[in-house]
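Undergrad: Got chain A; can you put chains B and C on it based on the hints?
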Amino acid sequence: MNLTKNTYLLQTLLKNNNITFKKSYIKKKIYIKNAGDLKSSRKNYISFFSNLKYLNLLKKTKADVIITKENFKQYIPKNKIILISDYPEIDFAKILSFFYPQSYYSTINYKKLKLEEITKKFPNLKFGINFYLENNVKIGNNVQIGNNVTIKQNCKIGNNVIIGSNVVIESSDIFDDVHICDGSIIGKKGFGFKFIGKNCIRIPHIGRVQIHKGCEIGANSVIDRGSVGNTIVGEYTFFDNLVHIAHNVVIGKRCIFAGQVGIAGSTKIGNYVTIGGQAGISGHLKIGDNVKIGGKSGVVKNIKDNEVVMGYPAKPIKEFLKN
Amino acid sequence: MNLTKNTYLLQTLLKNNNITFKKSYIKKKIYIKNAGDLKSSRKNYISFFSNLKYLNLLKKTKADVIITKENFKQYIPKNKIILISDYPEIDFAKILSFFYPQSYYSTINYKKLKLEEITKKFPNLKFGINFYLENNVKIGNNVQIGNNVTIKQNCKIGNNVIIGSNVVIESSDIFDDVHICDGSIIGKKGFGFKFIGKNCIRIPHIGRVQIHKGCEIGANSVIDRGSVGNTIVGEYTFFDNLVHIAHNVVIGKRCIFAGQVGIAGSTKIGNYVTIGGQAGISGHLKIGDNVKIGGKSGVVKNIKDNEVVMGYPAKPIKEFLKN
Amino acid sequence: MNLTKNTYLLQTLLKNNNITFKKSYIKKKIYIKNAGDLKSSRKNYISFFSNLKYLNLLKKTKADVIITKENFKQYIPKNKIILISDYPEIDFAKILSFFYPQSYYSTINYKKLKLEEITKKFPNLKFGINFYLENNVKIGNNVQIGNNVTIKQNCKIGNNVIIGSNVVIESSDIFDDVHICDGSIIGKKGFGFKFIGKNCIRIPHIGRVQIHKGCEIGANSVIDRGSVGNTIVGEYTFFDNLVHIAHNVVIGKRCIFAGQVGIAGSTKIGNYVTIGGQAGISGHLKIGDNVKIGGKSGVVKNIKDNEVVMGYPAKPIKEFLKN
Numbered sequence: 401m402n403l404t405k406n407t408y409l410l411q412t413l414l415k416n417n418n419i420t421f422k423k424s425y426i427k428k429k430i431y432i433k434n435a436g437d438l439k440s441s442r443k444n445y446i447s448f449f450s451n452l453k454y455l456n457l458l459k460k461t462k463a464d465v466i467i468t469k470e471n472f473k474q475y476i477p478k479n480k481i482i483l484i485s486d487y488p489e490i491d492f493a494k495i496l497s498f499f500y501p502q503s504y505y506s507t508i509n510y511k512k513l514k515l516e517e518i519t520k521k522f523p524n525l526k527f528g529i530n531f532y533l534e535n536n537v538k539i540g541n542n543v544q545i546g547n548n549v550t551i552k553q554n555c556k557i558g559n560n561v562i563i564g565s566n567v568v569i570e571s572s573d574i575f576d577d578v579h580i581c582d583g584s585i586i587g588k589k590g591f592g593f594k595f596i597g598k599n600c601i602r603i604p605h606i607g608r609v610q611i612h613k614g615c616e617i618g619a620n621s622v623i624d625r626g627s628v629g630n631t632i633v634g635e636y637t638f639f640d641n642l643v644h645i646a647h648n649v650v651i652g653k654r655c656i657f658a659g660q661v662g663i664a665g666s667t668k669i670g671n672y673v674t675i676g677g678q679a680g681i682s683g684h685l686k687i688g689d690n691v692k693i694g695g696k697s698g699v700v701k702n703i704k705d706n707e708v709v710m711g712y713p714a715k716p717i718k719e720f721l722k723n
Numbered sequence: 401m402n403l404t405k406n407t408y409l410l411q412t413l414l415k416n417n418n419i420t421f422k423k424s425y426i427k428k429k430i431y432i433k434n435a436g437d438l439k440s441s442r443k444n445y446i447s448f449f450s451n452l453k454y455l456n457l458l459k460k461t462k463a464d465v466i467i468t469k470e471n472f473k474q475y476i477p478k479n480k481i482i483l484i485s486d487y488p489e490i491d492f493a494k495i496l497s498f499f500y501p502q503s504y505y506s507t508i509n510y511k512k513l514k515l516e517e518i519t520k521k522f523p524n525l526k527f528g529i530n531f532y533l534e535n536n537v538k539i540g541n542n543v544q545i546g547n548n549v550t551i552k553q554n555c556k557i558g559n560n561v562i563i564g565s566n567v568v569i570e571s572s573d574i575f576d577d578v579h580i581c582d583g584s585i586i587g588k589k590g591f592g593f594k595f596i597g598k599n600c601i602r603i604p605h606i607g608r609v610q611i612h613k614g615c616e617i618g619a620n621s622v623i624d625r626g627s628v629g630n631t632i633v634g635e636y637t638f639f640d641n642l643v644h645i646a647h648n649v650v651i652g653k654r655c656i657f658a659g660q661v662g663i664a665g666s667t668k669i670g671n672y673v674t675i676g677g678q679a680g681i682s683g684h685l686k687i688g689d690n691v692k693i694g695g696k697s698g699v700v701k702n703i704k705d706n707e708v709v710m711g712y713p714a715k716p717i718k719e720f721l722k723n
Numbered sequence: 401m402n403l404t405k406n407t408y409l410l411q412t413l414l415k416n417n418n419i420t421f422k423k424s425y426i427k428k429k430i431y432i433k434n435a436g437d438l439k440s441s442r443k444n445y446i447s448f449f450s451n452l453k454y455l456n457l458l459k460k461t462k463a464d465v466i467i468t469k470e471n472f473k474q475y476i477p478k479n480k481i482i483l484i485s486d487y488p489e490i491d492f493a494k495i496l497s498f499f500y501p502q503s504y505y506s507t508i509n510y511k512k513l514k515l516e517e518i519t520k521k522f523p524n525l526k527f528g529i530n531f532y533l534e535n536n537v538k539i540g541n542n543v544q545i546g547n548n549v550t551i552k553q554n555c556k557i558g559n560n561v562i563i564g565s566n567v568v569i570e571s572s573d574i575f576d577d578v579h580i581c582d583g584s585i586i587g588k589k590g591f592g593f594k595f596i597g598k599n600c601i602r603i604p605h606i607g608r609v610q611i612h613k614g615c616e617i618g619a620n621s622v623i624d625r626g627s628v629g630n631t632i633v634g635e636y637t638f639f640d641n642l643v644h645i646a647h648n649v650v651i652g653k654r655c656i657f658a659g660q661v662g663i664a665g666s667t668k669i670g671n672y673v674t675i676g677g678q679a680g681i682s683g684h685l686k687i688g689d690n691v692k693i694g695g696k697s698g699v700v701k702n703i704k705d706n707e708v709v710m711g712y713p714a715k716p717i718k719e720f721l722k723n
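Protein chains in written order, with the working numbering: chain A, 401 to 723; chain B, 401 to 723; chain C, 401 to 723.
The shape of chain A in the complex, shown without the other chains:
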């Protein structure tokens, strides 16, 4: 997504977006350039801290302004400006929405390249009818694109990529030799929101999808982009049809996922992992290398390297077969 080049006086930014804080410790005049998580933030960024697990990142963050809860105030480094909120993620999301106005749904900007611009810019590109290509997309050599494909701004498409028909790609980097089959949706906003009392706040998603070299994504599959970080598919990983990959999932190389597999948000999967059809993995788990997960399994806890599991909840295959 495009980063605005403007900066905003902190108080003006908050006022114009109707964001009020319980308390604010604004010790000096500060201009805000952008918002980000603790890790990716730079100077003149606004970030948030709401989980002690990330204390280490807090100590190293370059963000100048931190939104946090009352009882976490003590952990914030002295040189930061502190804003106190009952729901730091929500107030952070509001600021993120300002900097990335389309980040809570979709980045379509209706600025389509004309046919002659496409053929001039990419003279060797093969593409079908009704191709919608936004500005600022890089496309490599020997790429083939089907009908009714939408590729939105700031995407990168490598060499020898094959994209089927009716595919939508946004906020994504597609590396060399990848095949994306018909009807797949890559880079959609993740499924994130919070109910605060009667209100429901959609969480912006400013991350990307990265599909590395040689992968194949089956038909009618969906891969959501990350909320702040990225959703990543490692090289030579293959998905069959109707697979669902949620936001911030990270998958290693040379994995094979059969049809209708689903992976919930933020789960990390190692290399050489095979997953049978219709199996599902809960969110925030860690699956090791060389793991084999049987078809229709439901994985609800971490799995170590080289294990073979099956069942719901998934257990080592020997136990499963014993029952």
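Treat the hints loosely; a few may be bogus.
Just so you know, same-sequence chains aren't split out, so a pair can sit in one copy or run between any two.
DSS-like, lysine-lysine: derived pairs with alpha carbons at most 27 Å apart [claimed, not checked]: (1) Lys-494 x Lys-460; (2) Lys-427 x Lys-704; (3) Lys-460 x Lys-701; (4) Lys-704 x Lys-480; (5) Lys-526 x Lys-494; (6) Lys-526 x Lys-511; (7) Lys-613 x Lys-594; (8) Lys-494 x Lys-653; (9) Lys-494 x Lys-613; (10) Lys-594 x Lys-653; (11) Lys-692 x Lys-427; (12) Lys-469 x Lys-594; (13) Lys-613 x Lys-453; (14) Lys-692 x Lys-594; (15) Lys-718 x Lys-613; (16) Lys-704 x Lys-594.
I should point out that these hints are in silico values taken from the structure, not numbers from a laboratory.
TA: This is chains B and C only, laid out in the frame that chain A set:
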């Protein structure tokens, strides 16, 4: 769907559609305006009665003509015209097909508004390329529509609605602040048919889909329209990707369904219900308020308010964890 | 897929495609016309033999050239030319890719019929906007096609077929009275590849999909074409939404598959089989006639005629209910 304004003499209607009955008790000359279920029928309607569960509705129906089985004839009020059939639903379906000729597949009428008609009628509407909009659609303010979207006749789209690319909408009412993500199909004919000996009869679907205020429908999801009544999604209910909602399902408000959830026909789900990824619910069930259903569960019976269930078949979470 | 009319001297063919064999027993000058499996091959074809199960087919094959492993050489009939490989399927796949250059991804040829060609060739065809029709497609009478439909070369569409919007059809024969709902992908390349050390080889798919008379395919479903043989759906079989049918699956007549069912590759299913929602069947199994499979079941072994099964792994319903 459009109701024909014509009326038809009952005998002529049956003759022209090659519908014959085992017996008919046509005591008087009657003109038929339309067909409907017992509840929605008005005067000059034709309806059917084939399940004693609906005896109460039969007593109050305004329909003038009732198709029923031989052994149910005794329950029909005296003032009705009675048609006796071995398969009342099938003969009713044939009549329904006459009044709603596209109801057993799709309502596409190929009467697309021209681009200049769209921009004149909806001067502030934002829409992508290749937009197909039929006549008689209402669209509110501040609506954003992606590429390759099809919206068929008689749909209503509220204010602040965001519709992704490659979305098909028919026979649907989409209320304010709803997001429908890329590739979703809303209002498709439900999965209904009957095998009678060697024949297979498709059941017409004349109901609608209603998606209430503030909902989100994930990518590549499908929501079927109702057969006679409607399929309903209550306000601020959120679906993730690849969700399947069958005909006549009714879902309450502020529910959350994770990816690849499936709900079979006519099931009713209360408010504040959360359902984990890949879980499924059988048809014709009643799920109470505040119920939590674990990922991958298979629900095969009713669940009371506030229960937390998991497993296949789904049982209270304590029992599930004990095993 | 189109068969090339050219023939190639075997040595030239191998050399031009950089295919080398461990050993070759090329006793005579031979011209190669095409490649195929043992059963479908004719004279001047190249085929492969890597599984003793198919010894019977080997004895009857008309192929002139057989790729096989060292230790299977003894089984090859005397009059054949023999090529020895550690991975016969892979070397065969390379040759198949030469004859069917698009068989390992998609057959789009960008040779779209113009609108006036379509209306001249099919004067009574009803079709929506943005219809992409390649050459050499047969379409019957009384066919209705939605918006944004892609039908690629060499497909056959029967009479009274209804195709929804956003449908992609390739390498397929669609018989009379079939309905294909919105967003479905028919005839996609199957999910086939082999990891050989660090290399990953995609397997070409030159088979077809055949959907016989009267079937219905629900929305956003995917049916892959066969690798060498065909994927077949028998007459009057009905699929609900989001169903996944892998390559070379063969399904009988009058079956009913509810939403989100998935069938893995090469499984054979009899007639009159009903499968509940979200159930899955592993690959290479045989399911008999009149079998009923409960919703969410995971079938991992063959099922005899008339059985009723449920569970994961699926077992006879009485056993399932006992637990």
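Undergrad: Given a CA cutoff of 27 Å, do Lys-692 and Lys-594 count as a within-copy pair, a between-copy pair, both, or neither?
TA: between (34 Å within a copy, 17 Å between copies)
Undergrad: Since the copies are identical, ignore which copy is meant and state whether Lys-613 and Lys-453 lie within 27 Å (CA to CA) inside a copy, between copies, both or neither.
TA: neither (33 Å within a copy, 36 Å between copies)
Undergrad: First find the shortest C-alpha distance between Lys-704 and Lys-480 inside one copy, then the shortest across copies, and answer within, between, both or neither for a cut-off of 27 Å.
TA: neither (40 Å within a copy, 50 Å between copies)
Undergrad: Could you figure out if Lys-594 and Lys-653 sit no more than 27 Å apart (CA to CA) within one copy, between two copies, both or neither?
TA: between (33 Å within a copy, 15 Å between copies)
Undergrad: Reference check for the pair Lys-469 and Lys-594, CA-CA at most 27 Å: within, between, both, or neither?
TA: Intra 17 Å, inter 52 Å, cutoff 27 Å: intra-copy only.
Undergrad: Pop the pair Lys-460 and Lys-701 into one bin, within, between, both or neither, using alpha-carbon distances up to 27 Å.
TA: neither (31 Å within a copy, 52 Å between copies)
Undergrad: When Cα atoms must be at most 27 Å apart, do Lys-704 and Lys-594 count as within-copy, between-copy, both, or neither?
TA: between (32 Å within a copy, 25 Å between copies)
Undergrad: Which holds for Lys-494 with Lys-460 at a C-alpha limit of 27 Å: within a copy, between copies, both or neither?
TA: Answer is within; shortest intra-copy Cα gap is 24 Å, inter-copy 53 Å.
Undergrad: Should Lys-718 paired with Lys-613 be assigned to within, between, both, or neither, using CA atoms and 27 Å as the limit?
TA: For Lys-718 and Lys-613, the Cα distance exceeds 27 Å both inside one copy (35 Å) and across copies (45 Å).
Undergrad: Under a CA distance limit of 27 Å, which applies to Lys-692 and Lys-427: within one copy, between copies, both, or neither?
TA: neither (55 Å within a copy, 46 Å between copies)
Undergrad: With 27 Å as the alpha-carbon cut-off, assign the pair Lys-494 and Lys-613 to within, between, both or neither.
TA: Between. Shortest inter-copy distance 21 Å satisfies the 27 Å Cα cut-off; intra-copy 35 Å does not.
Undergrad: Could you place Lys-427 and Lys-704 in one of the four classes (within, between, both, neither) given a Cα distance threshold of 27 Å?
TA: Neither: 48 Å inside a copy, 54 Å across copies.
This entry does not satisfy hints 2, 3, 4, 11, 13, 15, going by the numbered hints stated previously.
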